[in-house]
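Enquirer: Residue numbers (the working numbering), protein chains in the order written: chain D, 7 to 372; chain B, 0 to 205.
Mixed in with the good hints there might be a few duds.
[Said to hold, decoys possible] Partner residues aside, some chain B positions facing chain D, computed with beta carbon under 10 Å:
1. Tyr62
2. Leu85
3. Ser139
4. Leu142
[Said to hold, decoys possible] In silico SDA-like links for lysine to any residue, alpha-carbon gap of 20 Å or less:
5. Lys9/B to Phe41/B
6. Lys289/D to Lys94/B
7. Lys202/D to Lys94/B
8. Lys71/D to Phe52/D
9. Lys202/D to Ser177/B
10. Lys160/D to Lys135/B
11. Lys24/D to Gln125/D
12. Lys135/B to Asp55/B
13. Lys217/D to Phe38/B
14. Lys103/B to Gly159/B
15. Lys79/B to Thr210/D
In short, the hints are calculated from the structure, not lab data. C-beta atoms are modelled at their ideal positions from N, C-alpha and C, and glycine is treated no differently.
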Amino acid sequence: MNGYFRRPAGVKDYLPPKVRKKRRIEKVIVEIFEKWGYEEVIAPSFEYLETFGKTGKSVAEKVFKFFDRHGEAMALRPDITTSIARMVATHYSNHREPLRFYYLGNVFRFQEPRKGRDQEFYQIGCELMGIAGLEADVEIILLASHILEQIGIKDFLINIGHTKFLEGLLDELDDNPSLKDSIAQAIKEKNFVWLKNLMEESNTKPDIKNKFLALPGFYGGAEIFHELEKLPSNKKCTEALSELKRVWNMLKQFTSIQLTFDPGLARGMDYYTGIVFEIYSPKSGFPLGGGGRYDSLLDNFNGYRPATGFALTEDVILSILEGDMEDIYEPYYLYYNPSKYMEAFQKAEELRRQGYIVKMVPDKNV
Amino acid sequence: MELLKIALSKGRILSETIELFKKIQMDFSQVNEDSRKLFFDFEEYGTRVILAKPSDVPTYVEYGVADIGVAGKDVLLEDKKDVFELMDLNLAKCKMVVAIPKDKSDDMPIYRVATKYPQIAERHFVKKGVPVEIIKLHGSVELGPILGISDAIVDIVSTGSTLEKNHLKILEEICPISSRLIANQVSFRVKSRQIMTLMERLESIL
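Bound-form chain D, shown alone:
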């Protein structure tokens, strides 16, 4: 077919009106990051595949892989956090103060392309490394909320969970590892029908089974702490719950933030180790972003350094905001006769100095 050029599925062309809106949103976000003491880093678009091997198996199958000239396996970045962890290991190994970084960039994931599921998409995010205390988790959540408010998304909801809660709960099961894995998977996918079927197979005591079966209902506001405390309790669960409560107590002073709790909340990456969260708005069927604590990711590179962070999915945010954004673009078209180009150029320079956007257009009839 003449004049038709194929474009791979799951990648997008951004034309100027959309780019202008995208950049306006980014500008607001970048200013906030800077004010909060975060500094921009730019990570490479690809790394050795082994670097992302440390990201976890759920992402491994979504990585675009290729070989370099020496036959080494390379990968396009499926996320940016992993590269930042490697950068910190390389360049900040002796640095012991908290590190604050932000980034804007495209990531690549091999997946069946459909709405909300591009193979290349844009993330804006940040990492706070070196603070083990919950105040770091709170800072990250407050920063994400502040950004959303400032770019004009007011009706967002932040859903908080804790990876250790689910782990502790699963420790209570008397089943083989493969059944346990399936049960964890069913809870993460929120496949309650599957969970029910798996519990029928399970050898666990009936009272604990019933608590698992009640899990779907454990989603909501502060009232669910009371419900959660009735669940099987071991050290992991109790610690996770107490962390969740402390985070909630700190955040509740900020009344503009709508919070919910979801003990089964699971994020895409396997590297999370504590408080995790996801952000929703009624205006989109897909999460706006999310994040959480990943204390062991840096262990994989150079030893213990606690860390937390979040990323917003730019495409989802843009889809919510772009309808109400006016595209302000008013260039000055300067038509000139090609024989008088230098004169026209002088005029254009003058107008540019006055602050105009000048587009020069040749026209023999001028």
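Chain D is already provided as a structure; the job is to place chain B on it using the hints.
Expert: Below, chain B without anything else, positioned relative to chain D:
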């Protein structure tokens, strides 16, 4: 409050679904395929019913244009979407099976399989370690073995009379199938109260 948008499947399962909702005092009887309307608002229940082709219900729910939906497990297994599977509604119950001609022995090798569900068929035979060629058909799958383009079929069976008429027998069951209540991941959080209430009411009659 914003309406809870429910996507329902058109076709044979629609009347069963309406029947189910009637039991929880939600009368959707004016939802009717013949009216050519695709939206039905029920302000009194705070819901909007969207009528869709069965295989499109999970798509609408995944995109969030419908908050929840009623979809067959066959569709959910064939075309995996990121939706939450909340409840088994026990409607439109049937089985996904492998069927072969009656006159063939059960240990006959299978090389080619005709089906409307290529993903389900592929996964089943891969799990068994049997390499087969999958032939995707859009209907009347039973014709496959009759006309000689396949050795077996993978399809849903409820009473078994279609198999019977076409001289086929069930070789093995892949899994049971029924309708599920599904939810969009964001709606499940943002409209949780409305969805949980509906689930509790449905749970009480199932």
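Enquirer: State for each hint whether it applies.
Expert: Outcome of the hint check:
Because the beta carbon of Tyr62/B sits about 5 Å from the nearest beta carbon in chain D, less than 10 Å, this interface hint is met. At about 5 Å, the closest approach between the beta carbon of Leu85/B and any beta carbon in chain D falls short of 10 Å, and the interface hint on this residue holds. A cut of 10 Å between beta carbons decides the hint on Ser139/B: the least distance to chain D is about 28 Å, and the hint is violated. Taking 10 Å as the C-beta cut-off, the interface hint given for Leu142/B is violated, the closest approach to chain D being about 30 Å.
Restraint check: the Cα-Cα separation between Lys9/B and Phe41/B comes to about 18 Å, which is no more than 20 Å; the hinted pair holds. For the suggested pair Lys289/D and Lys94/B, the alpha carbons sit about 38 Å apart, so the restraint of at most 20 Å is broken. A distance of roughly 19 Å separates the Cα atoms of Lys202/D and Lys94/B; the hinted pair therefore holds under the 20 Å criterion. For the suggested pair Lys71/D and Phe52/D, the alpha carbons sit about 9 Å apart, so the restraint of at most 20 Å is met.
Only pairs whose Cα atoms come within 20 Å are accepted, and Lys202/D paired with Ser177/B is accepted, the gap being roughly 15 Å. Note on Lys160/D and Lys135/B: the hinted pairing is violated, with a Cα-Cα distance of about 47 Å set against a maximum of 20 Å. Between Lys24/D and Gln125/D, the direct Cα distance comes to roughly 19 Å. Compliance with the 20 Å bound is thereby established for this hinted pair. Only pairs whose Cα atoms come within 20 Å are accepted, and Lys135/B paired with Asp55/B is accepted, the gap being roughly 18 Å.
Between Lys217/D and Phe38/B, the direct Cα distance comes to roughly 39 Å. Violation of the 20 Å bound is thereby established for this hinted pair. The hinted pair formed by Lys103/B and Gly159/B meets the criterion: a straight-line CA distance of about 18 Å does not exceed 20 Å. With a C-alpha separation of about 30 Å, the suggested pair Lys79/B and Thr210/D falls outside the 20 Å cut-off, and the hint is violated.
Hint compliance for this structure: hints 3, 4, 6, 10, 13, 15 are broken, all remaining hints hold.
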